[in-house]
Amino acid sequence: MQVQPPKNALRFLRWFCRRDYLEEIEGDLIEIFESHAIDNPQSARRKFWWQVLLHFRPDFIRSFHSNSVINSAMFFHYLKVAWRNLSRHRLYSFINLSGLTVGMTCFLLVAFFIQYQLSYDRHFPDNDRIYRVIQQQEGNAFRGSDLFAVTPRPLASAVREQIPEVESAVRLGMQQDLLYGNEIFFPVELLYTESGFVDFFSLEVLSGEGRSSLKDPSTILLSKSLAEKHFGKQDPIGKTLLLNDRKELVVRGIYEDFPNNQHFQAEGILSIENLPNWEGEQGKWASNSYYSYVKLKDGVEPSRVEESFRVFDENVEAAYSQFPFSARYMLQPIASIHLNSGVNVENQARSDVRYVYLMAAVAILILLIAGINYMNLATVRSARRSTEMGVRKVMGAVRWQLVSQVLGEALLLTIFSFITSVILVKFLLPYFGYFLDMDVPFQIAGNVWTFIGMIFLAILIGGLSGLYPAWFISAVNPVKAFSGTFMGKPGSQFSLQNLLIVGQFATTVVLAVCAVVMYQQMKYIQNKKLGFNKDQILYVSYFGRELGQNTDRIRNELLKNSNINEVSVSTNLIVETYNQGIVDSWEGNSGERDLYCYRYHVDEYFLDLFDIPLKAGRNFSLSHSTDSTQSYLLNETAAKAIGWTAESAIGKNFAEGKVIGVVEDFHFQPMDLKIEPLYIRYRHPENQSTDFGYVSMKVNTNHLESTLPYILATFKDEAPRKIFEYRFLDETFENMYLSEKRMGQAFSVFTLIALFIASIGLFGMISYQIVQRTKELSIRKVLGATTIGLMSWLSRDFLRLISISVLIAIPFSILIVSRWLDHFAYHTPVHWWVYLIVSVPVILIAGLTVGLQSFKAARSNPANALKE
Amino acid sequence: MNVPSIGEFEELVLLTVAAQHDEAYGVSIKSALEEHLDKKVNVSAIHVALKRMKDKGLVESRFGGITNDRGGRRKKFYVITMLGKKALDRQFELRTSLYQAIPKINFG
Chain A
1 MQVQPPKNAL RFLRWFCRRD YLEEIEGDLI EIFESHAIDN PQSARRKFWW
51 QVLLHFRPDF IRSFHSNSVI NSAMFFHYLK VAWRNLSRHR LYSFINLSGL
101 TVGMTCFLLV AFFIQYQLSY DRHFPDNDRI YRVIQQQEGN AFRGSDLFAV
151 TPRPLASAVR EQIPEVESAV RLGMQQDLLY GNEIFFPVEL LYTESGFVDF
201 FSLEVLSGEG RSSLKDPSTI LLSKSLAEKH FGKQDPIGKT LLLNDRKELV
251 VRGIYEDFPN NQHFQAEGIL SIENLPNWEG EQGKWASNSY YSYVKLKDGV
301 EPSRVEESFR VFDENVEAAY SQFPFSARYM LQPIASIHLN SGVNVENQAR
351 SDVRYVYLMA AVAILILLIA GINYMNLATV RSARRSTEMG VRKVMGAVRW
401 QLVSQVLGEA LLLTIFSFIT SVILVKFLLP YFGYFLDMDV PFQIAGNVWT
451 FIGMIFLAIL IGGLSGLYPA WFISAVNPVK AFSGTFMGKP GSQFSLQNLL
501 IVGQFATTVV LAVCAVVMYQ QMKYIQNKKL GFNKDQILYV SYFGRELGQN
551 TDRIRNELLK NSNINEVSVS TNLIVETYNQ GIVDSWEGNS GERDLYCYRY
601 HVDEYFLDLF DIPLKAGRNF SLSHSTDSTQ SYLLNETAAK AIGWTAESAI
651 GKNFAEGKVI GVVEDFHFQP MDLKIEPLYI RYRHPENQST DFGYVSMKVN
701 TNHLESTLPY ILATFKDEAP RKIFEYRFLD ETFENMYLSE KRMGQAFSVF
751 TLIALFIASI GLFGMISYQI VQRTKELSIR KVLGATTIGL MSWLSRDFLR
801 LISISVLIAI PFSILIVSRW LDHFAYHTPV HWWVYLIVSV PVILIAGLTV
851 GLQSFKAARS NPANALKE
Chain B
869 MNVPSIGEFE ELVLLTVAAQ HDEAYGVSIK SALEEHLDKK VNVSAIHVAL
919 KRMKDKGLVE SRFGGITNDR GGRRKKFYVI TMLGKKALDR QFELRTSLYQ
969 AIPKINFG
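Respectively, the protein sequence lines represent chains A and B. Per this note's numbering, the first sequence starts with residue 1, numbered consecutively. Per this note's numbering, the second sequence starts with residue 869, numbered consecutively.
Any given hint could be a false lead.
To be verified - Capping the alpha-carbon separation at 20 Å, the derived lysine to aspartate or glutamate pairs in EDC-like fashion look like this:
1) B/Lys922 - A/Glu23
2) A/Lys615 - A/Asp691
3) B/Lys924 - A/Glu664
4) B/Lys919 - A/Glu664
To be verified - If you want the ones that stay clear, here's a sample from chain B, every Cβ over 10 Å from chain A, calculated:
5) Gly894
6) Val895
7) His904
8) Val911
9) His915
10) Val916
11) Gly939
12) Lys944
13) Leu951
These aren't lab readings, by the way, just hints derived from the structure by calculation. Fair warning: this is a prediction, and the values are worked out from it, not measured in the lab. We put the beta carbon where it would ideally sit given N, CA and C, even for glycine.
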């Protein structure tokens, strides 16, 4: 046999070469090949390849549009057929498209949310080199974490001097202050920092001077919006403001407002020397009141710098000599700050990365359910088109043409619903943001990568969900297609589809169980006995020495109003305390053991006002002269931790005084934390500064419209140039769980949507099956089958599938739910009936979907169906 | 009518086409050129030259009959057109006139 030229080379040549040149070139090449092959077949093949490659040049490459007449004709034909198919089966097209659109809309909404969450602090140039220094105080667990965001004053300067890998370092102090203009004054978030801040964070100074202002303690930079609030349209530069009604500050510059997705916010920036404790904390390694940021040099590993922090060990050890723990400094990438809620003393509430994961999981599941829907429906529908496909095959269509037709249709539909979703998202995003209480921007044009990613995703979904139907239908045997035996009996061949239906419903049930348990946990938190009364209580926070000294007068003034029943002044708010200390001496212990104790400083009315019962002993009383400085109340947990009972604790020496009473445990921290030891002392300047605190009032809520102005007026009389706000304690309490609550709500909504999509999918499936089996059904009816009998015959298969999904879903949901609940120290038990109340509606909705359709089919006149 | 200009390699191919009147096709041109030039010639280069000259109207082509050689592919035969002949003539004149301008000295 003659040697043949390499096949692939020929194929390649035929692929790229112009049709009108092909025969000539091919012929010449083969002729040359043949003459070479006589001597050496191996090198002839190589030379042939080489020759083919030499021909791969613009002169010979065909224009890939040149024969597009046929292609475009076919393309329009496909479009037409697709359109006809869609409009002939309007209902199914609608089901299919709406499911996909709803799924994609949810997904996009969540994608925007997540993108926004991840975008925090990424706008800083060099954000990959900027780290915040945090410290770990091993053993000093505070509110469930031993990490602290604040660092001592000397740290940043020491880093600048002693660690060469660090390019620059800057300190920030955050504080809320009052800023007084001529007439008006506002409470503002102020940022106290050094002049390096401007370059470090690339502060955008709009007018005036940034760097020099931060060196001069008598000047301030204002954010654009605060400047407008104070000075309107006037030029603010050079104007004077009063900080806390005392210190004069000259406005030296205006900077662009910080974007919302930045982890610290400030309406004004001024020199760090203005901080009240700045001077006194010089060189003090335990003065943890500053946020330190460092910018590493290019290519420096953060772990190396963390290692270098060891050079400060000596200073730190010395500063912590009286404490049972020490501090170790670590670096936290600036972009990770927002999603890390495990660090104490943050200047703002942080988001929780778990919610990001949770939402992402839900979004992907919904998208999956919608994709499966599309796939199932398209596959069943393709049964209807088996004749069309058969004809195409007979006419000479090859498989890839059929595949690309069906795939193309799927792509077209997904792109259509993708565009619809993008439009929907544009309108829904503000509501979604409102729902989650954050301003999620719609940045489709601004962020090219997001956009490309989303389009890619749409194509992926279309491709994936179209792939199976395409593969399935293109395998059609024309003979079978024409004789109508292509599909066979449902339930037997469609095992993949059954599997997918089970998957869809199982997912939905898992989501639903999670949603219900989340709801129950919220209810549990709200209804759990807190150990104190939070209803009908108002509080006003105050700040200022004069106010702190005159609380008695304020109290008397307030009590004059008959709608105010009780007033108590305390340094902490009852629902949340940030005040913790270490006690190492009590009767029977002098320094061997340490007790980490949260601290309250209250007056003698506190227990009454909040209805906190005493387990043993007595409350503070003015008749005992020692109470104000030497008496302690413990909570039960503290007594137990020491090894006392409530009764035996009374009269024992504790810290600097004696225990006079033990109160029943109450929840002074959020529910995700256990109740820990607590002591309560009398509110007295010797125990702790009384310059700030809360005035809590028990009020009669029937006459709030007169009581509220009275309360504000009372405070206003005392300090006319201050701002007071009242808050309701139960509201504050609920706000503590706001993010949990919002996530729970979002979760419920998404669950309903998932159920909706899964149900319409089921609806589409059963309708098709019924259409497929109309004749069979009619014959059965003619032969005497009852409606009920027919209905159960039709829906049996589906209901079995749904039941299987519920059974599969339950163990999964148990796993997920218990893991979620574990992060609450106090959580609701998961009752067995939760699964029931979730499964029953799911089965019911599925049953209703199936039942209605089969009922309709069973009631129809068999003659009509048989006549055809 | 403007006579299009041709490059050196094109000229060689065109000369061969003219010489092999009505029997010139890719491989025959290649072997003729290789024989005359005494070096390897790439058939792809010949194809490029032929296509370009055809676009310029210097040659015309026709398909031959089907044979058992060449895997059953037809040959494409090229003939020179009037324009092609003119181009060759002009090229020849140009060279001759330039050649004759060379002074008669000894280039020893």
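Against the structure, the hints:
Only pairs whose Cα atoms come within 20 Å are accepted, and B/Lys922 paired with A/Glu23 is accepted, the gap being roughly 17 Å. Restraint check for A/Lys615 and A/Asp691: not satisfied, since their Cα atoms lie roughly 31 Å apart, outside the 20 Å limit. With a CA separation close to 105 Å, the supplied pair B/Lys924 and A/Glu664 exceeds the 20 Å bound. The hinted pair formed by B/Lys919 and A/Glu664 fails the criterion: a straight-line CA distance of about 101 Å is larger than 20 Å.
At roughly 4 Å, the least C-beta separation between B/Gly894 and chain A is not larger than 10 Å, which violates its mark as non-interface. A beta-carbon of chain A comes within 10 Å of the beta-carbon of B/Val895; the shortest separation is about 5 Å. For B/His904, the shortest C-beta to C-beta distance to chain A comes to about 18 Å, beyond the 10 Å cut-off, and the non-interface label holds. Once the 10 Å rule is applied to beta carbons, B/Val911 is inconsistent with being away from chain A; the minimum gap is 6 Å.
For B/His915, the shortest C-beta to C-beta distance to chain A comes to about 6 Å, within the 10 Å cut-off, and the non-interface label is violated. At the 10 Å boundary, the C-beta of B/Val916 falls inside the reach of chain A, the nearest C-beta of that chain being 5 Å off. Look at B/Gly939: its CB is around 5 Å from the nearest CB on chain A, not clear of 10 Å, so calling it non-interface is violated. Annotated as non-interface, B/Lys944 brings its C-beta within 10 Å of a C-beta of chain A; the closest such distance is 4 Å.
Non-interface status of B/Leu951 relative to chain A is upheld: no Cβ of that chain comes within 10 Å, the nearest being about 20 Å off.
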